[in-house]
Every structure is written in structure tokens, then in C-alpha cells.
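Each number in this note's numbering corresponds to the 1-based position in the sequence shown with 85 added.
If you're looking for bench data, these hints aren't it; they were derived computationally from the structure.
The reader is advised that the hints may include incorrect statements.
What follows is a list of derived Cβ distance ranges for each label pair [claimed, not checked]:
#1 E301 x K207: 39 to 49 Å
#2 P221 x G192: 37 to 47 Å
#3 G280 x D494: 41 to 51 Å
#4 G284 x R487: 17 to 27 Å
#5 P221 x A113: 18 to 28 Å
#6 R487 x P223: 42 to 52 Å
#7 H348 x P226: 31 to 41 Å
#8 P307 x Q158: 57 to 67 Å
Predicted model, so just to flag it, every value in this text is computed and none were measured.
Each residue gets a CB set at the ideal place from its N, CA and C atoms; glycine is no exception.
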Amino acid sequence: MTASERLTIRGPEDILSFIPHSLGYWPASSLVAITLHGTRLGATLRLDLPGPDIQAEPAGFAGAVRSYLESDQEADGSLLAVFTSDAMMAPPSAYHRLVLVVQSVLGRAGMPVRDAWFVGEKYWRDALCADPSCCPLPGRPVQQIRDSTLNTEMVYRGSSVGPAPAAGGAPAAAVPAIHLAAVLEAQAGWEEELGRRSGSRQQFNAVLDFWEMLLERTGSGPWIPDVERDAFLRATLLCHTWRDAVLVMAAAGRTAAAAGAVHFGVFEDPTGDGIDASVVPLPLVPPAAGARRNPRGGRAGAASAGPAALRPRVPLPARGTRARAESVPAGYGEVLMGMAPEVPDWEALEALDRVLGQLAALGGPAAAAALTLRGWVSWCRGRGSYSAAYLGQALELEPGYRLAELLLDLVGRGTLCGWAARKDAAWQKFREVPAGE
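Turn these sequences into a full structure, and let the hints steer you where they fit.
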């Protein structure tokens, strides 16, 4: 939304209704902290509430809140919301003491808590007010939050609040049995044919060509199922070299993806020069949408990349934020941790996430790869709950899937993606929202 379309928060109900839109779901058993930049809302942090016995040692939890919020170096204040049960809102409870300790810690860190609230199943109330004459129990109806002006405006602008991420991941979309069977059959053929080309520089380029074309074209329109395309995409995710290159390309551009592959020595033809086209199989790509497999075993249009793919590769022109000024491409490790480039291509990552969601719905090992990449994209966005859910589901489908294990360890330890920790690079679902007039 443009500056003239910024939303104004006029009261606590608006702030509390903003939180589910920011997270993507209505939190439960959570402490949500929001940084403030003067009168504008900054970063949103959600942490699982500790058990009621936290009153014995709340300082560690408060320190974790402070360390996360300190990533927003421009913060000069904060807001707190404790989403819990109605029973835990009545003072004195362990969470009242927790709020006071967090308030003290943030105050000493230069981010004083300006307001704090409890939000239960049916009621909400001011967490810093103990005067029953102005803050009587049980509180005010939660429906006031759902009926707030800001919530209505957010819905009008297309924002939605979905279900909370489950431990096993989001439910897979329903896929017609006939399409699923056709894709799995076609995928088996692609796996066999592509398996012989995993070290081919030409096939690497063809795979990235196809993914790049798809990400360029993937907008907000409906996803139209296509058997050969979906089977090919899923088969490419089963090759770790191509999987990682697609991830890096979406975030940091084609040059970084290609340079990383060369650095790791994945190609059987190290230089790509002097290749005899008569003995090197042409790269395989899917036929046009709707085309069917050649009954003789080949694929109509499978060699559509043609001899051009055998010539030295010239990187495609960059688009949008993928235009990079760096002379040295970002390394795979730097991209994986969100340390480079300075700002990722959030538009391309949004398109990648959308495609991966469709591919994951078909299940199997390829779905584990797709869910793992979705988990990484969510982590980059600062959405740890969604990231853990996707990665958990990937490991249910494919126990021991190494990339999912590594990423889940990062998420579990509370490690922030480098981009998410910097305001100028972080993904923003909304523009800055004024906290009041």
C-alpha cells in the first residue's frame, strides 16, 4: 500500500487485530512483542509462552525477548500481548509477573513497554492495570478485536488470517487421484532420464532456465495443473545440486546459482569448452503444456533447448531486485543464512513459495524437498512457526532429510535469518503502520 493508504491505529483493539494479520494466524499460548519507532509499528516477534512455573525464573525468558528485539536497531519502544487462557488473565498469575519482568528488561534496553495486554479465548484486558474500577474482570469481549476498524480494513485490502501452523505442517491441498497418478508416473520417467544428467552443465542450465521462466510467469493467477511440467519440477528437486541452485537463484540471482555450482565442482565437464555435441545428450526440458509423452519413450520437445544449450552460457538479464552490483556472486552458504545478497529478491521467493506449495501437495520424497525449501523461505521471512511446521512435515515424509534437519536445528535454536534481522532487508507483509494519530 502507498503512503496515502497507510492504516492508522486508534486504539488497543486495532493493535491486537494487527497481530494475527502480521503473523498470518491467531496465536495461542504466546507472547507477542512489537517494536516501536516513535509512533510507528516495527518488527513483530512471537514466542511460545513458558509453563506457569516460569515465575521461578522469568529472567531467562525476558532476556530472550530482549535479544530478539535488539535486532531492530531503530526501536525506541515496545508493545506486549500475551495470548493465553481466560483463567490465566486474572491477577495474580505467573504471567502477570512475567510481563513485569519483561517490561523491566526492555526498559533497561532502551525499548520501554508502552502498553501490554492479555488476550484470552473470550476476553482481553490491560496487563498493566490492576485497578478493578477501570479494568474490571473478566475484561472486554474479544469480539471487539475482530470487529475493529483496522481488522476490517486489512480484510478489505486482501489480508487474511489462516489457521495456526500445526506441528506436522499445513494440510496438503486435495489433488484429484487421476492427476496424482499421472504425475507420479511421468515423474518416474523424468527421474530415470534426468538421473544420467545430474553432472551435466547443459542440463543444469536447462533446469534453471525452466525454473526461471516459471518464476517470472507465476503471478497471482490460478495454478493450472500440467502433468509433464509438475513431474519435471518435482524430479529436479530430487537432485540436490538443482534443488540448491533453484533456491539460490530465487534469492540471489542466476549468476550466484551458477557460480556456486562451479565452486562445488558438480559438473562432469569442468570448463564446458570443447564439448562434442555428437556424444553429449541434449538437455531435457518438458514439452509444451498439454503435450503428451512420445510413445517411443522420448518426450516431444524434450530437446527444445537445442544446440544453443551447448554454447557457453551467458547469464540472463536480471530483473527487479535481482540486479546485483557485486563483482563476486554470493556464496551458497551466505545465501542460505541470509547474509548475502544485501536484499534478496522477495518477489522471486514469493513465486518460488507458491510453486513449491503446489508441488508439495502431491506427496512423496519430492514433497519433502519442496516443504524443506518452503521452510527456508518462511525462516527468511522471520516466520519461525511456519518454518518449523513445514520442516517437520518434510521430515515426516522423509525421515533423515539432511537439509530439513539442519534448518530445523537453526529454527529450534532461535537463530534469525540475516535478512529478517535487518529492517532494510527484512520481508514486509505490510508497510509501516502508525500506532496512533
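Hint-by-hint comparison with the structure:
For the hinted restraint 39 to 49 Å between E301 and K207, the CB-CB distance of approximately 48 Å keeps it satisfied. Taking 37 to 47 Å as the suggested C-beta distance range, the pair P221 and G192 does not conform, at roughly 27 Å. Against the hinted window of 41 to 51 Å, the Cβ-Cβ separation of G280 and D494 comes to about 30 Å, which falls outside the hint. The beta-carbon spacing between G284 and R487, approximately 20 Å, falls within the hinted interval of 17 to 27 Å.
Look at P221 against A113: about 24 Å separates their beta carbons, and that is inside 18 to 28 Å. Against the hinted window of 42 to 52 Å, the Cβ-Cβ separation of R487 and P223 comes to about 49 Å, which satisfies the hint. Restraint check, H348 to P226: a C-beta distance of roughly 59 Å breaks the suggested window 31 to 41 Å. At roughly 41 Å, the beta-carbon separation of P307 and Q158 lies outside the given 57 to 67 Å, and the hint is violated.
Comparing the model with each numbered hint stated earlier shows that hints 2, 3, 7, 8 do not hold.
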